[in-house]
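Asks: Just so you know, the sequences run in chain order A and B.
First residue of the first sequence: 1, per full-length UniProt numbering; consecutive thereafter.
First residue of the second sequence: 1, per full-length UniProt numbering; consecutive thereafter.
Be a bit skeptical, because a hint or two may be false.
To be verified - Distance condition first, Cα-Cα at most 20 Å in a straight line; then the derived SDA-like pairs of lysine to any residue:
hint, chain 1, residue 1, chain 2, residue 2
1, A, Lys17, A, Arg381
2, A, Lys197, B, Glu436
3, A, Lys187, B, Asp312
4, A, Lys290, B, Ile308
5, A, Lys297, B, Arg327
6, B, Lys187, A, Ile422
7, B, Lys290, B, Glu269
8, B, Lys362, B, Glu429
9, B, Lys347, B, Ser375
10, A, Lys187, B, Asp88
11, A, Lys297, B, Asp4
12, A, Lys399, A, Leu15
13, A, Lys418, A, Ser375
14, A, Lys187, B, Ala421
Treat the hints as calculated values from the structure; they're not laboratory data.
There are 2 protein chains.
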Amino acid sequence: MTIDPQLDKLFYSLLTKDNLSGYEDPEKFKKWVPKIKAYREKLDSSVPQELKVDLPGPIEKLKADQFNSMKYLYDEKLLSPHEFEITDCAGTSIVENIASGKWTSVEVFKAFAKRAVLAHQLTNCAVEFFIDEGLARAKELDDYQIQNGKLIGPLHGLPISLKEHISLKGRIGHSGIVSLLDNIPDKDAVTATILSKLGAVFYVRTNEPHALLPLDSGSNITGFTKCPFNLLLSSGGSSSAAFSGCHGLRPSSRRISARGLVGEGGGQESVVGVLGPLSRTIKDIDLFMKSYINDGKPWLLDPWSLPIPWRDVPKPDLSKLKIAVMRDDGVCRVTPPIRRGLNEVIKKLKSAGVEIVEFVPKNGRLAYDVAVKLSNCDGNRALREAFSASGEPLPRLTKWYLNLGDGAREYTVSENRKLNAIRDNLRQEYSDFLIENGIDFFLGPAYNNVAPKEEEVYNESYTLIYNLLDFPSLVFQTGLFQDPKVDVWNEEDMKYEYRSGMEELENRGYDPSQFIGAPIALQLSGRRYCDEEVVAASEVIVNFLGVDLLKRQKD
Amino acid sequence: MTIDPQLDKLFYSLLTKDNLSGYEDPEKFKKWVPKIKAYREKLDSSVPQELKVDLPGPIEKLKADQFNSMKYLYDEKLLSPHEFEITDCAGTSIVENIASGKWTSVEVFKAFAKRAVLAHQLTNCAVEFFIDEGLARAKELDDYQIQNGKLIGPLHGLPISLKEHISLKGRIGHSGIVSLLDNIPDKDAVTATILSKLGAVFYVRTNEPHALLPLDSGSNITGFTKCPFNLLLSSGGSSSAAFSGCHGLRPSSRRISARGLVGEGGGQESVVGVLGPLSRTIKDIDLFMKSYINDGKPWLLDPWSLPIPWRDVPKPDLSKLKIAVMRDDGVCRVTPPIRRGLNEVIKKLKSAGVEIVEFVPKNGRLAYDVAVKLSNCDGNRALREAFSASGEPLPRLTKWYLNLGDGAREYTVSENRKLNAIRDNLRQEYSDFLIENGIDFFLGPAYNNVAPKEEEVYNESYTLIYNLLDFPSLVFQTGLFQDPKVDVWNEEDMKYEYRSGMEELENRGYDPSQFIGAPIALQLSGRRYCDEEVVAASEVIVNFLGVDLLKRQKD
């Protein structure tokens, strides 16, 4: 990691809210180093040797070269045509092909396992493989199908990777926190239970940022995950649809159970975390949500989950949609590739008859401030306990996170409630704006830049707003990629006056020559609990834009 | 108010958590006395003289006589047969009769207005009348019906009384708090807006306990409300179904909008308050919920409200129900009339084939402790600000409330979250208990006693548990009434060892000769968001028990 010394100075000057004492303890940490080593060795040894390929060079060189591993995968034909056919098939169709007998669950599983191992070799995306168990489960499913003449559920035979903090019984669950390497949950998270019951096959758990805090991905346990389109860049976190080239849904809270997540102390209700699916097709996101909710009925296992069925909504007619575009949220200016992405998508949507309204949020900065204050309103006490238990060194961005809001100052209950009340007023304001103006959705950036460099991503305002509002939001790929020749700051840009140190860090960190080929994503958001409408409209928009993440890679 | 001096001593010995300084200020309060006086005068003058009756004696004598005003109403025929016919008709049928042209909205309104004035004369239940406005609205509705040949909505012409803290534009909203006599909301609460749109007619606002805290009803502003069946007793609060002889639903949170309530600072999410309907028939509760949710769509006006439609569920077959009976919650022993009510209802339900399971909650005391700690976890700061703004004298039970939990100790955010996490575990425990044992509902007391005496009601554990769990709960009348000859402590009871000072206060305060004729209510509760099932089963049970609150009064 090399960061412009001037920007690094600015970065450290912004860390004023938590003096970071009481976290790190090198002496204490020594005890944990062997546990980290053992964890990494287990990860390495769990990767079947026969599935590995020779990389085209040392990983550090590939990083420096901004290596595009997606292109490499296809150019070098690292999978057989049959394996490509399977792994570049929408989940919806995979289940159909298993149902029709065209493919077996085992056959599907083997192709995905191979591709996952390749992905891991190139991007360091996995923290745990259990391919043997996955294979055994796939065999079970094939047997079930033969014996019963039907599928076990709507996700029968579908290999699904899980974020690491979704507890699995008997397996270490750490959320990137070293001291949790001793944590072995005694039961599966509700969401794992449901997916498994629906027929999904688990075999790999994916990396997450330290305690799921920063917007990049990685921790002291297994290091960082890289963007498959440019290995110099980060895959992003805690989920990574905007940076890694897939679509992803942030559902409204309480539609997907969050019961049984690792490291989740519980009881935080101000800005509620959610789980949601990532996929290369939007129809798979719909399949996931519909199956999970309507067949999985999470409320029977978790009273926190809402018994709101997943509704079948008609695909909207683009010429009847009214969309409010937020080009700048008042917190951080977007970089040239994101600006281009917005401009091109808006132009196309207008050509399809979409009514576009410009939206300049009058309380964007307030929303960001409230959200980060609420996120840290326990004065980082829970994090301090978790980190200091091992004394692990704090990654750069963990320090950043600990300094958001009022950092180490623990709020009283009254202070917390006052911020909650402001949050509720913001929800009302954004909701009323949509309803009173007959606007269907917000369209905007998912982040002010494309995939960031490792440990150089500071601003989460563009996604945090929807966590604060608890509005459903779908990050979708535009099919566009950063182009160092086109996506440069123009003369006007150079005169810009930064509104905050964070904005300066973010904007000045964008050197066009270092983000080559990074995917350009945007997000579509709607009213609370209108997840179905957001998914349906996203599918229509993505299809209209001609984005096909499966087809593109096959060509 | 005369309280056994020994019990009074015990009461004051239990007030150890908040020393009550910083609330009262007689000097400051002087300024507010004229405002209270003006409020009362406005109330008095808003009662049309021609609707008033002569009471059979001074109110203090009626209280001492444990006067039954319900009996008096019918014995003395204080309403005409036509007025009785209208006001003893289910809301569902009133709307039908208006639709068919049998009655006009004005005719219905006049009968209810007269009955409301009588009720107020006898029980002091109203804090504000606006009969002229109600009449004008009823006329408007009649005109609408004539012009359009149809009703304006599913509650067309139905007179509904509102609890005082439901904001009405341009009218003082105080929640029993003197300093809020200056508060004049600039818009209606969402729930008032919806009910009005559905066709309801407002004309009276009803009394509430001081800041909606205690379980009795009244404040320094307009005094206490009495139980219509025994004027010595309290009507109860903040709602009063268990004490005043009607049925009432506590819905799951976020089904009825709580946006725009007076005195609600907002941001408290640990034990969420809810609004729900009170009625003399359960089918009217169903009408209210169904119309409010499915036609009113509160989520369009308030993003806090959940878009969960009110489901039509089949009326359950009693012989297929399995009900867990909680006779004692581990916090407070019930008095003899409640015990009798439980025994008789259980006996009848068993005869109908209901499978009855005894349920002894293993964490009842923990649940109570967590709930009261969460209720006061801001160290009473919000209440201190509200009360001290006028320096008003603290009613006896306000002092009690301020001393619940840890009283004046303000929690940190971490402490709040830890309690929330315990609450979530309790929700899981109760929910799992129902699901894993195939149990449909909990049946139990709604309070450990019948209607209490003014300022002598300390324990809210039997309702608080469902606020904590956020389970829907329906308080229903058993059709039984306290009988001083039957409902006495027995020899076994006399040997009982109290588990807490609060229990001693509650139990020793029950002198059978002072609760004559108080209605005996119970409650049926179900899983979170299974409000529909709770209402449907309650209707079947109440019908099976032969309880008819309209018929009984006509006989």
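Asks: Tell me the numbers of any earlier hints that the structure contravenes, in ascending order.
Replies: Checked against the structure, the hints that fail are numbers 3, 5, 7, 9, 10 and 11, while the rest are satisfied.
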